[in-house]
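Below, each chain spelled out in residue letters.
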Amino acid sequence: MTPPPRLLFLARRPPYGTGLAREALDAVLAASAFELPVTVIFDGDGVWQLVRDQDPTGIEEKCHGAQLEALPLFDVEDLRVHAPSLAARGLTAADLLLDATPIDDAGLREAIAQADRILSF
Amino acid sequence: MRFALLVHGAPASHAASRTALRFARAALAGGHEIVRVFFHADGVLNGASHAVYPQDEDDPGGAWAALGREHGLDLVVCVASALRRGILDAGEAERYERGGATLRPEFTISGLGQLVDAALGADRLVTFGA
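Chains as they are written, first to last, in this note's numbering: chain X, 1 to 121; chain G, 1 to 130.
Okay, chain G solo, but in the shape it has when bound (with noise of 0.2 Å):
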């Protein structure tokens, strides 16, 4: 089956991230295909790339990266609710003029268009954190 996922928590306030992420790993384990994840409101906090996490705690939005690399997955922050938050990859950073992107490379800044194309394009739409 193919899912595409909705974020809506933080990843330090909210365990929607991490129940997205266990959801995750175990649709892919299950052979399943994720076609995106799409991360929105204050789920864009996943891509915080200057989040630091004590040692002995989970860090969702590292875990997040980590399988997207390991997968390829198409992990996409909203860019309304991006800016908002504080969350500017390189481009986004320039044209605002600020001091520098706080996105992950694992992670790509695109508009609520990309929600409704991953709902169209997979059998299951499945939200986390609302």
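Just chain X, with the same shape it has in the complex (with noise of 0.2 Å):
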């Protein structure tokens, strides 16, 4: 039997301002629903959506952050950021509400290139 597919989500825009990140997350969801392996990769404005203690009750949003802590729960646990954005940023791994595990450019375009499909948000 041939192995499942291994799919990679690339989020790579902030939690807020447009609904993108929130409709890459339904799409992990799902994905996770066929049981398939599923990598989700933060980049760039993408690294955003991992900053902890979110509180979007002032721009009337749902906590994109808190949805975020359920991807476990959905069995999504192979989290990855990318940390140069990270860098370029000002933020750092204990900035993070979940343990995504900080790649370089490097291990992005391995990510890259040892998915059988990406998804781009």
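Each hint should be verified, as a subset may be incorrect.
[Claimed, not checked] One-sided excerpt, in silico: chain X residues whose CB lies under 8 Å from chain G:
{"hint": "1", "residue": "Tyr16"}
{"hint": "2", "residue": "Gly19"}
{"hint": "3", "residue": "Ala31"}
{"hint": "4", "residue": "Arg117"}
{"hint": "5", "residue": "Phe121"}
[As the list claims (entries may be wrong)] The following label-pair restraints were derived from C-beta to C-beta distances:
{"hint": "6", "chain 1": "G", "residue 1": "Glu97", "chain 2": "X", "residue 2": "Gln114", "range": "43 to 49 Å"}
{"hint": "7", "chain 1": "X", "residue 1": "Thr92", "chain 2": "G", "residue 2": "Ala12", "range": "38 to 44 Å"}
{"hint": "8", "chain 1": "X", "residue 1": "Glu110", "chain 2": "G", "residue 2": "Gly100", "range": "48 to 54 Å"}
{"hint": "9", "chain 1": "G", "residue 1": "Arg124", "chain 2": "X", "residue 2": "Ala33", "range": "21 to 27 Å"}
Derived from the structure by calculation, the hints contain no laboratory data.
We put the beta carbon where it would ideally sit given N, CA and C, even for glycine.
The task is to assemble the complex, starting from two chains supplied on their own in separate frames and drawing on the hints.
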């Protein structure tokens, strides 16, 4: 039996301001329902999605961070974050609400090369 | 090659829809197969049946519908994205007691499972607009 295809989700948008971060999360959960191996990489402005203590009540949005925290409950556990994107925004691993594995440019290239399908949001 | 396309961009405000259209036409002309075009987020507005464009402008949604008719394409809008944006087929309009369908008849409404299914069934999934 051939192994199931590995899906890579690239989360590249900030959590608020556009709806794509939320809609990406919906797609990740749909993929997890197929019991496929799923990797999510937060890259570029997407790293803002991971910042802890988000409180969007003032802008009348649902808390995206709280929804991300539920990912491990859906067996989406391979979460990675592009460390240069964090550094460029003055963020460190201590600022993050989830235990995402830091990767560098080479790690990003390797993940993209190894994925069977890439969904970019 | 078997392609699946994922379109995130609205037709009137983002180049993604037109770029994806050109890609689809080129792929079909090259003898490739398009297993599904999945419209997600603002991309669902490509299926808006009530969009009206000035005569001297291209109407990307209309062009998708025409390409769909010509090649029997499976044009799918994400139900969660579509309902938020007022894009409803007759069944959803009845369920939510809205005035009538706002989805072009060449498109169908379905869930994100259809995106995953398309990704699995194609050799390549190409994303437009993100």
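Now the hints, each set against the structure:
1. For the restraint placing tyrosine 16 of chain X at the interface with chain G, the shortest Cβ-Cβ distance is roughly 15 Å, beyond the 8 Å limit, so the hint is violated.
2. A least Cβ separation of about 6 Å between glycine 19 of chain X and chain G falls short of the 8 Å threshold, and the interface hint therefore holds.
3. Hint status for alanine 31 of chain X: holds, given a least beta-carbon distance of 5 Å to chain G, under 8 Å.
4. With a least beta-carbon distance of about 4 Å to chain G, the hint placing arginine 117 of chain X at the interface is held under the 8 Å criterion.
5. Checking phenylalanine 121 of chain X against chain G by beta carbon gives a least distance of about 5 Å; that is within 8 Å, so the hint holds.
6. The hinted window of 43 to 49 Å between glutamate 97 of chain G and glutamine 114 of chain X holds, with their beta carbons roughly 48 Å apart.
7. The beta-carbon spacing between threonine 92 of chain X and alanine 12 of chain G, approximately 41 Å, falls within the hinted interval of 38 to 44 Å.
8. Take glutamate 110 of chain X and glycine 100 of chain G: their Cβ atoms lie about 51 Å apart, and the range 48 to 54 Å holds.
9. Checked against the hint of 21 to 27 Å, the C-beta distance between arginine 124 of chain G and alanine 33 of chain X comes to roughly 23 Å, which is consistent with it.
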